[in-house]
Structure formats: C-alpha cells, structure tokens
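Spelled out, the chains give:
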Amino acid sequence: MVNPISYTPGQDPMQPRPFRVVRAIRETADVVTLELEAQSGPPLAFQPGQFTMLYVFGVGEVPISISGDPHKPARLVQTIRRVGLVTEALCKLGRGDVVGVRGPFGSHWPLEQARGGDVVIVAGGIGLPPLRPAIYHILHQRQDYGRVYLLYGARTPADLLFPEELKRWQHTLAHAPGASPVRVTVDRAEGGWDGAVGVVTSLIPVLPIDPLRTTALMVGPEVMMRFTISELRKRGIPEENLYLSMERNMKCAVGFCGHCQYGPHFICKDGPVLAFPRVRDWITRKEV
Amino acid sequence: MPSKQRKPTLAVWKFASCDGCQLSLLDCEDELLQVAGAVQIANFLEASSAVQPGPYDLSLVEGSITTPHDAERIQAIRKSSRFLVTIGACATAGGIQALRNFADVEEFTRIVYAKPEYIKTLKHSTPISEHVKVDFELRGCPINKGQLLEVISAFLHKRRPNIPQHSVCLECKARGTVCVMVAQGTPCLGPVTQAGCGAICPAYQRGCYGCFGPQENPNTVALSAWWTLLGLDEAAQQRAFRTYNAGAKAFSKEAERHG
Amino acid sequence: MQKGPFVLERSGLLQLLQALKAKGYLTLGPTVREGAIVYDQLSRLEDLPIGYTDHQEGGTYRLRRRGDEALFGYNVGPHSWKRFLHPPILRLFRARKINGGFEFEHEAEALPNYAFIGVRACELLAIRVQDQVFLGGAYQDPHYKARRERVFIVAVNCTQAGNTCFCASVQSGPKAQAGFDLALTEVLEGDRHYFVGEVGSERGAEVLGEIPHRAALPSEVAQAEAKVAQATRQMGRSLATEGLKEMLYQNLEHPRWEQVAARCLSCGNCTQVCPTCFCTSVEDHTDLSGVAERTRRWDSCFTADFSYLHGGSVRVSTKARYRQWLTHKLATWQDQFGMLGCVGCGRCITWCPVGIDLTEEVAAMRGAHV
Amino acid sequence: MGETPKPQQTKTIRVGNLARVEGEGALYVRVKGSQVEEVRLNIFEPPRFFEAFLRGRSFAEVPDITARICGICPVAYQMSSCQALEAALGVQVEGPLKALRRLLYCGEWIESHALHIYFLHLPDFLGYPDAVRLAQDQPERIQQALALKKTGNELMALLGGREIHPINVKVGGFYRVPRKAELLDLRDKLERAREIALQTVHFVGGLDFPDFAPDYTFVSLRQEGEYPILGGRLVSSRGLDIAVAEFEQHFREEHVPHSNALHATLEGRPYLVGPLARYNLNFDQLPTAVQAAAREAGLGPVCRNPFQSIVVRAVETLYACEEALRLIAEYEEPDAPSLAITPRAGEGAGCSEAPRGILYHRYRIDEQGLITEARIVPPTSQNQKMIEEDLRQFVAANLELPKPELTLRCEQTIRNYDPCISCATHFLRLEIEQAP
Ligand SMILES: Cc1cc2nc3c(=O)[nH]c(=O)nc-3n(C[C@H](O)[C@H](O)[C@H](O)COP(=O)(O)OP(=O)(O)OC[C@H]3O[C@@H](n4cnc5c(N)ncnc54)[C@H](O)[C@@H]3O)c2cc1C
Ligand code: SF4
Ligand code: SF4
Ligand code: SF4
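Chains as they are written, first to last, in full-length UniProt numbering: chain D, 1 to 288; chain Y, 1 to 259; chain V, 1 to 370; chain A, 1 to 436.
Please note: incorrect hints may appear among the correct ones.
To be verified - Cross-link-like lysine-lysine pairs, in silico, DSSO-like; alpha carbons within 30 Å at most:
#, chain 1, residue 1, chain 2, residue 2
1, D, K286, Y, K249
2, V, K319, D, K269
3, Y, K133, Y, K253
4, Y, K7, Y, K249
5, A, K180, A, K98
6, D, K92, D, K72
7, V, K245, V, K319
8, D, K269, D, K286
9, Y, K123, D, K92
10, V, K3, V, K23
11, Y, K158, V, K97
12, D, K92, Y, K133
13, V, K23, D, K269
14, Y, K133, Y, K249
15, Y, K253, D, K92
16, D, K72, D, K286
17, Y, K253, V, K245
18, Y, K79, Y, K133
19, D, K92, Y, K7
20, D, K269, V, K145
21, Y, K249, Y, K123
22, V, K97, D, K92
23, D, K286, V, K245
24, A, K180, V, K21
25, Y, K123, Y, K7
26, V, K21, V, K3
27, V, K319, D, K286
Note that these hints are calculated values from the structure, not bench results.
The shape of chain D in the complex, shown without the other chains:
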C-alpha cells in the first residue's frame, strides 16, 4: 500500500485541489459514485477507512469516505448519498465537472493487525462504501486473512449498493467453497426479495468465526453500531478487536475547527476509525 501524502508545510490545508469527474455512477435512487482524477499534481494515495473533504464550487464542503481500491490510487472513488444540499450538488455532478478535494484525512482500518485472523465487516446503508477499500485490500492479499464475512443491511433491496460486486465477493472473499461470506439483509423486502429480512445484527450469532482471532470493522448509524458491538461481544470477540467509524460535524478535517469532537477524540484526526475501547465510555451516552 502506498503511504498517504503528508501535508507540505507552507500550503494551506484548507485549500482544496481541483479534481475532474471522469465517471459518475448512479448506484441507487439517492446514491452516486464519483470517480475523480487530479487535474494536476500527484494522485491521492490513501489507506482504507480514510476520507476526503469534497468541495462543490460555492455550495459547500463535506466529509466523504473513499470507497475505491487503495491499490489503484490514480482514480479517487467516492460514494455519496444525497441527504442535503452539498450531497445533492455532489450527486448531480457529471463527467467533466470539477470538484475540490482535500485529504486524505483520518485514521484507517487496522488491516495489518487483522492479518492472520478472521474478519467480520458489518455495514449499514451508506456504511458500505467506507468499508469497500478494506474489502479490496483483503481481496488483494486474501491469503493473509482467515474467514472474512461481510454483513450488510440496507433499507430495501433497491437500496443495496454495489449488487454486482456483492455477488462477486461471495466467491472471491470465500475462504472455502460454499462459505457464503457475504450476508445481506434488508429492513423491508420488496420486489421479489428472497433474502434475509431484519436487522444486520441478527446475522451475527450464527457466524462461524474464531472469536479471539477475529477483527470486526463496522460502519453504520450509531444505534446499529451499538447493537453490533453488543452482539459481537456476546460472541466473545475482544473489545480491542472491534473497530468502528464515527461521524460528527466537520468543518476543517484537520483538527482546527473543533466541530468533530467526540469526547476526547477529534473524529477527523483520531478517527473516523476508532477501536471500541476508546469510545466505550461515550457511545452509550446521549448528546456527546
């Protein structure tokens, strides 16, 4: 993996670099993946789990995780759900449009530590894109990892992201034939769905893993992560092996603006990926 470029002093970390949209892929009704290339300068190397700040000219800037392959940094890939004004503007971009990019920022998934053991990846909704680079990396070095599972929950079948890849991963991630590493569930079955219905945490109790040698990575709404953690703890996975990616309001991503504080952590630099013990005392509290 390429090391992240560090910020060169003298340059303002608040100033974006222009990137051109080379492809815009409509994933679902409200999710778009943008493939971006730097207009000048080096491509943006990153580690799985990191994010960038994407700036739409004059509209605003928001944190978005990188969803592409860390081994192919020439193209910066980011997947965005339209929820408000900036994300809406991002989702409207097409080939040739220019966005500003700052980053990559933040901590990354513990893929080094996870080597040699099992990996459980739990994603809820738009939580899958930040985990995809980790999957790519594992696929790249599949032999380094034991059993790998992706548990993914979406609202409806139509909201499932990357369906083709999910199918592919079913084979490529498998440690043994017929292992069924990708397990998907939806809140509401629609349109002839014959898969699982229910919350993603319901998939955890039956996973064949070696708990003490398992690392879990999760991204989703805070409640979902709380329940996931409790289920994983029930399976006996040590808490220091549980990793989650947190979200807070972010104005700068470099630790200056103060907005992303979460207890003692700055989500932008200490996170977004944090080991569970670091948030244990905070995650059950309201309004932190």
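Following the hints, put chains Y, V and A with the ligands in place on chain D, whose structure we already have.
Here is chains Y, V and A with the ligands on its own, set in the frame of chain D:
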C-alpha cells in the same frame, strides 16, 4: 451567469409593513445592478411599473397579514411562487403591529380613527408562515442587506444561505465590542436574540432591543432574572419583549410572564 | 546582552514602544474603551489605562480609579490576544470559475508585525495552548503561523489579582515563566515608578539594547517579587486541578449540569472571550457574480449548528452544550493536547452575562462526589 | 387606443396598483363627458395603529417605535418624536448634538431624494418602467445615482448605526456620538456626492415638463438662518406663521365617509407640503451656490409646477450635501452623547421636515415618562387632498390625451408628491372587507 439561460424571475410583495425591508434591496447600491443582471425583476411595485405575470421563481414577501383580503392575497402569491422567502420582522413574526394581538383591536381603532366604524381589520397581525408554506425566513427589523444578498445569491447558486441562528453575542464579540450588560449594567436582549444585524446596538453603547427575534435556543427566563438584578421592573421587562418581534413565540411567552 | 534582571524607568516604557515601532512593529496593548480595558493600538503611554483598575465579578465588570498612576494596575479585560493571532473572521480563499473548473485567487495578505504589550502570564500560556492546537499537530494553520511567528511579546506580571481569576491554581501565573521576549513587573514605591524586567529571547535583548536600562538591584528584584507574591495571595477564585479530569468523566450525568443549564443563555460569550477556545466555522459563499469565497469565523459549541449532523444537532440541550464546553476545557483537552484548556484568566466568569462560574460548577460537582 | 372622449361618454381611469410609490395604493378617476366626476386615491395599505400602542410605552422607546411607521424616512419620525418629547420633558438639544441630528437628517434627505429622483420619478420622464431598465441604456447615470444615494446611506449608517431604522437616536441626543475623525472620513465621498447632485440639478432641469401650475397653499417650517430641516415655525404662502405647538388649532383632519383618505386642511382648505413648499418659502435661506444652481436649472425663487418637484428635489439634495460638509467641518465632539433626562408629566409637540414634507408629532406623558396620548400627522396624509385636487385639475385640462397616456400622466402626477403611503396609513380610512 450564463446569459443564454432564462433568468430566474423575482417578485417582491408587500403586506402590512413600513417598506423598509423592500428598501433594503434598493439600498444594496453596490450590488443592485448585479442583482438585476442575475434575476429578472418581474414584479416589484416599489421599484418598477413593469409588472409581469407569474409564476415567479423567487418571491420576497414583506409585511404581516392583518386583513381578510391580505389573507387571500398571500395564498395566490404562494401559488405563483416557486420559492417564497419572507423578509423582515413583520413577515416572520407579525411585526410591531402584532402588538394589537395583546390588546383590544376595537379599542385601538377608536384611539386612532375618528370614525372607527369604517375600519375593518383582523384581530391579529400574523406572520406569513401562519398562512402559507414559507421556504426561508429572513429575520430583522429591518433585514440586513448583506443577509438579503446572501439569501438571493444562495438561491441563485442553489445552496443554503449562511444565515446563523445563534445569539447576537457572537457577533458582538467578533466585532470586539465591550458587553454593555457586563460593563455598564445595561439590559441587553442580545443573548436571546438572533444574530444578523452585526450587533450594532452594543457597538453604539446601548442594549440590543431584539429586532432579529429570538435566537435558536433562547433562555429568556434566565435573562430576565438577571435583568431583575440589574433593577429592571416587570413592566419594563414586558415592554422589552413586546416590540418588533412581539409575536414571536419565545418573546410573547416571556412577555406574558411579566404581565 | 542583558543577562540578569534589569530596571526600566517609567519613561523607558515609552522608549520601548518607540523602539518597537521603529523596528516596524504595530504596538498593541491595553487601553480604555467603552468602559473597559481592551486591546488596541498603542502609540503613547497616555493610551494605556493610567491609574485605572477593574473590579470584576461574575457577570460584572467596572472600571475604577486606583488613586495612583500605575500603568498596569488591572487584570485582563474582554479581549484576548487571540483576536490578533486567530482573528474572529478570516477569508481563507476566493475562487472563480474558469472553463469548466475553477481557479483560486491568491492575494498576498499584508500582515503587520504585532508587538503585544502587557501580556499577562495566563495569556502567555493561552498562546502556548493555541500554538499546540494550530501548530502542534500533523497540520499547521498557515494563517495562525504567519501571525504567530512575527509577534513580539512584552509580558507584564500581575501585581494584583482580579476577583475572578485563578491562575495560581492552574499554575499559569501570576508570573510569566516563558514565551515572552521581555517581561516586566511594575513597581510603584513612594515616588518611584519603574519596571523590573527580564529578557526572554534574543529579539528581546536586541530591543532592550536600544533603550536605556540598567541592571536591577537585589532590593528592586525583591520588591517586584513581593508584588507578584501579593497577587497570588489575593486570587479571588481557585480551581482544584487534581483528579479533575477523572472527576468530570465520572460525573457526566451529574444533576448539576441541568441546574447550570437552567441559568445558561447558550449565548456563547464564554467561548468567545476565552483565550484558548479556538473553534471556528468554515463557510463557503458565493456572491452574485459567482465568485466563491471561503471564510472562517469564531464559532461556539453553544450553537445548534456546531454539532449538526444531517437530521439535527447532536447536542440539542443546553445541558449537553455546557457539558461539552466545560469538559472540553478541563478534561478532554488534557487527552487531546496534554494540557488544560483553561489558564485561569476568569474571563468566562466575568463576561458571562449571567455570571456563570466554572469554578463554582466544578466545586459543586466535586462536593457532591468526593 | 387614441380615442378622444365623446360628449357624455363615461371614461374611467383605473390603476390597480400604483407603482414606484412607497406603500400600496390605487387610483380611480371617473370622467363623464368633460366633467371629472370622481377622483380617488385609494389606499389599501392596512392600518397599523401606532398611536394606540404607543400608549403605555416609555418615552425612551418612542423614537425606535415611530421609526417603524416608515422605512423610507425613519429619521424624520425619530426626529419629530424626539423634538416633541423633549418639549414635553422640558429639555432642549443644542450645539453639536443638534448639529449631528441635522447631519443625520441630511443623510436621509440625500438617500430619499436620490431614490425618488432616479428610481421613482425619472423613469416617467424618460419613458422607462424603472431605473434598472434605464440603467441598461444609461449605466453611468444610474451608477452615479447609486453612488449619491449610497453616500446618504453611509452618513445614516455612521450616525445612526444603520440606514433603515437607525438605532442611535435617543430622546436627548444619541447613544454614541462619532469622533471627528470618523466624520472626516466621509468628506471625500460627500464632495463627490455634491458633484453628482449638481449634475443632477442640471440634468433634471432639462427634462420636459407639462405646463401645470396650480395655485397652491404651501406650508413648511421656517427658521431664520437655515433652510428648514429640524424645528422652526410653521409658515404658509398665505401668511400663516405659528409655533409648532399651535399646529392642531389651524390644521384639521376630517374623516370623510365618501373618501378613502383622511383629509387634512389648513383653515378648511387643502395645502401642500414637501420640497416645493420648502423651496418656495425658504429660497432665501439656500446658500448662494445652491440658488445659482437652481437658477441654472431654470428655477426661479418660486416654482409651482408639481412636475418640476424633481428639480427642486435635486436642488435640495445638493443643499443637503453642502450642509453635511459644513456640519462636518464645524463639528466639535460634545462632552456627553445625550442630555440627562428625568421623566416628568407633560405634553409637547414637534415637527421636522421629512423628505416629503412636515411631519408633526404630539405626545402627552405621565410622571413616570409613559405615553398617555400620541398624535402623528405625516406629510403624505397632508398632501392627500391636494393630490386628488391636482388629479382633478390635470385630468380636466388634458381630456384630449389618449387614455394610456392620460393614465400614465395621472400616475406621474401622484409620483410628483413622492407619496409615502406606508406613512399615511397609520391613520387613513380603509376600504376593507368585514373581518371574520
Ligand atoms: C468521516 C465521515 C465520512 C463520511 N463518509 C460519507 C460517505 O462516504 N458517503 C456519504 O454519503 N456520506 C458520508 N458522510 C456523511 C456526509 O458527510 C454527510 O451526509 C454530509 O455532510 C451531508 O451534507 P449536506 O450538505 O448534504 O447535508 P445537510 O443536512 O444539508 O447538512 C448541512 C451541513 O452540515 C454538516 N453535516 C451534515 N451531516 C453531516 C454528517 N453526517 N457528517 C459531517 N457533517 C455533516 C455539513 O457541513 C453539511 O454541509 C461522512 C461523514 C463523515 C464525518
Ligand atoms: S452587549 Fe449584549 S449582545 Fe453584546 S455580548 Fe453583551 S449581552 Fe451579548
Ligand atoms: S475557561 Fe474561562 S477562565 Fe479558563 S481560560 Fe477560558 S475564559 Fe479563562
Ligand atoms: S455559560 Fe454564560 S457566557 Fe457561556 S453560554 Fe452560558 S450564559 Fe453564555
């Protein structure tokens, strides 16, 4: 702005008000022609006799609803407006004329008019949002012209206007003004009032009088407790909350406590 | 270079100002305005609050006459040096659209070289705290850095304590320890009026070399030290720092938070006057002509926007906001930056419009807990 | 289109919504044959009850509240209320504080007159619907107009804190007075504004004006030694000369059922206030340079053509720039920003020259300083009857005009007065449906 595209149309409407908020647009001397270049002023009676029929992309509505006729008129305006922004304390809170809401309108009419039987008006002065859906409310008595331009350019660029809803105190401090309440014991509404004016009152050595209405999280009870320590009597406290935003809920509720 | 303590006569201070100006510094310091002592340009000694002192209480500040001609006989006012190093509003960039993309406009920022006159010990520490935030991490804020690097600091030790300060208990004062170019202690003794000084840097020594001064006598040094010691004794408030972080972490659900929230206006004044509070909002604008601009302005954890995530604020209640503020200052800051976020200047107590006092809140929580 | 009225044919002119006036009004004229049967300036701006809710407020709040009657001339409201209340409280603002008030008022005159000349009135003369479209053909002219207007606004923003509803005006003076240096900073801009104002005088002097010169009764303030802005005595072109406190003994408002407007009369007759009145009654008080400019623009010491009010406004704008420069040059910072005031019971009247004419206020206060009675007579309501008279005369004299042009001329006739309907309506009778 690409000139080939059809320019968005702008309409300005007036209800019960002093005209000041509309004038704020004409007071944007440096930007007025730029505004006129970016939008097509399709209906702005105070400024132009050329009136084009709707629908309009952006309607700015000044003034409060005080007559049955106006209550109907605003419905029609809403129907012909894609985006409707209310401007000023009258339109967003009922304005100073909402003081009638706490009194007997008939008595008011008798005081002002020699032949009160000719005057027919609604009992209450109400904000536009009580009648129709409003897309954005711009506060102030009058509105701040910088904020007005911000709302118009945000609309043109389809972004959220940067209009903070926090207290005046943040602006006051950014400006470097010395707090008049702390340093002089002058009662100030700044802590419970929404920013936007630039904290001018404290900068001119007086307490804020609340013309931008309540901030997002106003603790009027705690403020008035402090005012009591500063020696402000109940009647004066009630009057302080009954001015240009008397109809705004947080202020009208607080005023009632001092009745 | 002057090694030991030196003495500067009262008139020497004017010469110091003039020497700094001659070197191209914009001299800033305390002056009376709008009924308080604020920081603004100083050109003459008469611009200083001669003979004034300040009486401070929670939510109250009053200027008083001292009855002598002291130049620095007061404590800190509503301003702090952060207005100059970390300005309340700053444009970060402008950009305009060009053939499908956009380009940034670079305008060289004409920054004055600031000389801060009369920086108190707590304020020196506050500057160090902000250094840690803006320069101490993986990223550096070039705007802060550019200002910070050029600043010349003349510290002044407190010889009387304010009623709302508690620097002694957080070990930030009243004597300036480090981080200054020159440090002075004002001594008024009978009809003598002079400063006992200390050099803190090469630059300080160089400037000092240009103005008349002499080595201090041991008695003069003793006089100065006694004055500073007196300030320590007078300190109006205190904050017990031992186990503070743990105490707060254990009390995140203490009923006291609700009680203080009932009084708190969520106006944000405490965060604005605090010399260490650094939070900002970053806003992207466009004007009518389509030129985009990014500005950064002081923000406050007391606003709803501060913790906004799509769908609403994380910290909706005033309780959660006050708790965030206080625990950040006194507890999480220690985890983040290895130091307290509070230097004990007392500004948040004086300039809270309703006199909320963090030392009192901490004491109440300790009382219930310990 | 170009029809001429046949005898006995009824013709109505209706303008549903008057444009380029401040506030909301409509015009209705009915002509039968050569007889103008009815002229109605219909005002449907809703009532706002200021006099009523001023009762019980502290005297100190009045200037802020009355400002809200009109966003176009808030300073006028503040000044008239302050003067009236100061009379009631037995204090008098003099010296630099008074000069600052005059200076603030100059700002409002410059701003308001520039607005009216270029944005509301001029488009009529040049055949444009508005100044924005005029700017497409004559960008420089409108840019200059904006610069002029902006200078007025800057003066108000400096002295008042902001342009509309200034926050710095106080009974007894100001909350904060400017330092001399702050005022001097405006000097260059005012000099530039003066140049633009002078060009404006020349330019509008050359416009085409219909022949029309009714025999008005002019009413304005007058005070020896200065062109009237603040205070003075009330005088008329028919020999009236009274103290402001005597206003209500001579001027009456009638609430007439058949009309939509409350008619103000002076000794039973309609009268005219505003720039024409001020000019005609105070030409001698104008500085020679301003008089000369007026003459160059074709005005004598007397001007009775309301269409030429645009020229008079330009002359007054020039005067306001001159006067502002003089006041700034002579300004000395006062010791205190305001006079100390102890509330006491009393009654007082005040009058000042709003850009549109005299604005009269009277208050009664109790010993705690609370208002017990308030009375406000704004210029537009005083001119109401005169506007209708003018329309009647003008239509009668121009019946041969094609209807669209006649309509336009009627609108222009109304705009001659720069009527401020927002001001007027706090006491106008309205035609409004029954409340539910
Ligand atoms: C580290 C991190 C990684 C993220 N990765 C992704 C991703 O890969 N894909 C994706 O679709 N979304 C991601 N998000 C969430 C995304 O940033 C928000 O959906 C987005 O900021 C909403 O902006 P908006 O203007 O469209 O929404 P609005 O509701 O209009 O929000 C207004 C403003 O509030 C702030 N804001 C609102 N919601 C959030 C939020 N959740 N996080 C931070 N700031 C917020 C932003 O400044 C935003 O502009 C991530 C958030 C974080 C913190
Ligand atoms: S003067 Fe008013 S607005 Fe300013 S900080 Fe004090 S209380 Fe807030
Ligand atoms: S928290 Fe209060 S006492 Fe501490 S440094 Fe900030 S303002 Fe000063
Ligand atoms: S503690 Fe005081 S200053 Fe801070 S937000 Fe609350 S009321 Fe305002």
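Quick rundown of the hints versus the structure:
Between K286(D) and K249(Y) the CA atoms are separated by roughly 28 Å; this keeps the pair inside 30 Å, and the hint holds. Using a Cα cut-off of 30 Å, the hinted pair K319(V) and K269(D) holds, with the two alpha carbons roughly 26 Å apart. A C-alpha spacing of about 24 Å is found between K133(Y) and K253(Y), which places the hinted pair at or below 30 Å, so the restraint holds. Annotation: proposed proximity of K7(Y) to K249(Y) is violated, straight-line Cα distance about 38 Å (limit 30 Å).
With a C-alpha separation of about 15 Å, the suggested pairing of K180(A) with K98(A) holds against the 30 Å cut-off. Restraint check: the Cα-Cα separation between K92(D) and K72(D) comes to about 25 Å, which is no more than 30 Å; the hinted pair holds. About 18 Å separates the Cα atoms of K245(V) and K319(V), which keeps this hinted pair within 30 Å; it holds. Taken as a hint, the K269(D) and K286(D) pair is honoured in the structure, with Cα atoms around 22 Å apart against an allowance of 30 Å.
Distance hint between K123(Y) and K92(D) is unfulfilled; the C-alpha atoms sit about 48 Å from each other, more than 30 Å. For the suggested pair K3(V) and K23(V), the alpha carbons sit about 22 Å apart, so the restraint of at most 30 Å is met. At roughly 16 Å between alpha-carbon atoms, K158(Y) and K97(V) fall within 30 Å of each other, so this suggested pair holds. Between K92(D) and K133(Y) the CA atoms are separated by roughly 26 Å; this keeps the pair inside 30 Å, and the hint holds.
The straight-line distance between the Cα atoms of K23(V) and K269(D) is roughly 40 Å, outside the 30 Å bound, and the hint therefore fails. Among the hinted pairs, K133(Y) with K249(Y) is consistent with the structure: their alpha-carbon atoms are about 18 Å apart, no more than 30 Å. Straight-line distance between C-alpha atoms of K253(Y) and K92(D) comes to about 44 Å, which puts the hinted pair past the 30 Å bound. For the suggested pair K72(D) and K286(D), the alpha carbons sit about 40 Å apart, so the restraint of at most 30 Å is broken.
For the given pair, K253(Y) sits about 40 Å from K245(V) by alpha-carbon distance, which is inconsistent with the 30 Å threshold. Distance restraint check for K79(Y) and K133(Y): the Cα-Cα separation of roughly 10 Å lies within the 30 Å cut-off, and the hinted pair is therefore satisfied. As the CA atoms of K92(D) and K7(Y) are separated by approximately 21 Å, the hinted pair is consistent with the 30 Å bound. Only pairs whose Cα atoms come within 30 Å are accepted, and K269(D) paired with K145(V) is accepted, the gap being roughly 20 Å.
Between the alpha carbons of K249(Y) and K123(Y) the distance comes to roughly 17 Å, so the proposed pair stays at or under 30 Å and holds. The suggested pairing of K97(V) with K92(D) holds, with an alpha-carbon distance near 17 Å, which does not exceed 30 Å. Pair hint K286(D) plus K245(V) holds up; C-alpha atoms about 19 Å apart against a cutoff of 30 Å. Pair hint K180(A) plus K21(V) holds up; C-alpha atoms about 26 Å apart against a cutoff of 30 Å.
At roughly 40 Å between alpha-carbon atoms, K123(Y) and K7(Y) are farther apart than 30 Å, so this suggested pair is violated. For the suggested pair K21(V) and K3(V), the alpha carbons sit about 24 Å apart, so the restraint of at most 30 Å is met. Among the hinted pairs, K319(V) with K286(D) is consistent with the structure: their alpha-carbon atoms are about 11 Å apart, no more than 30 Å.
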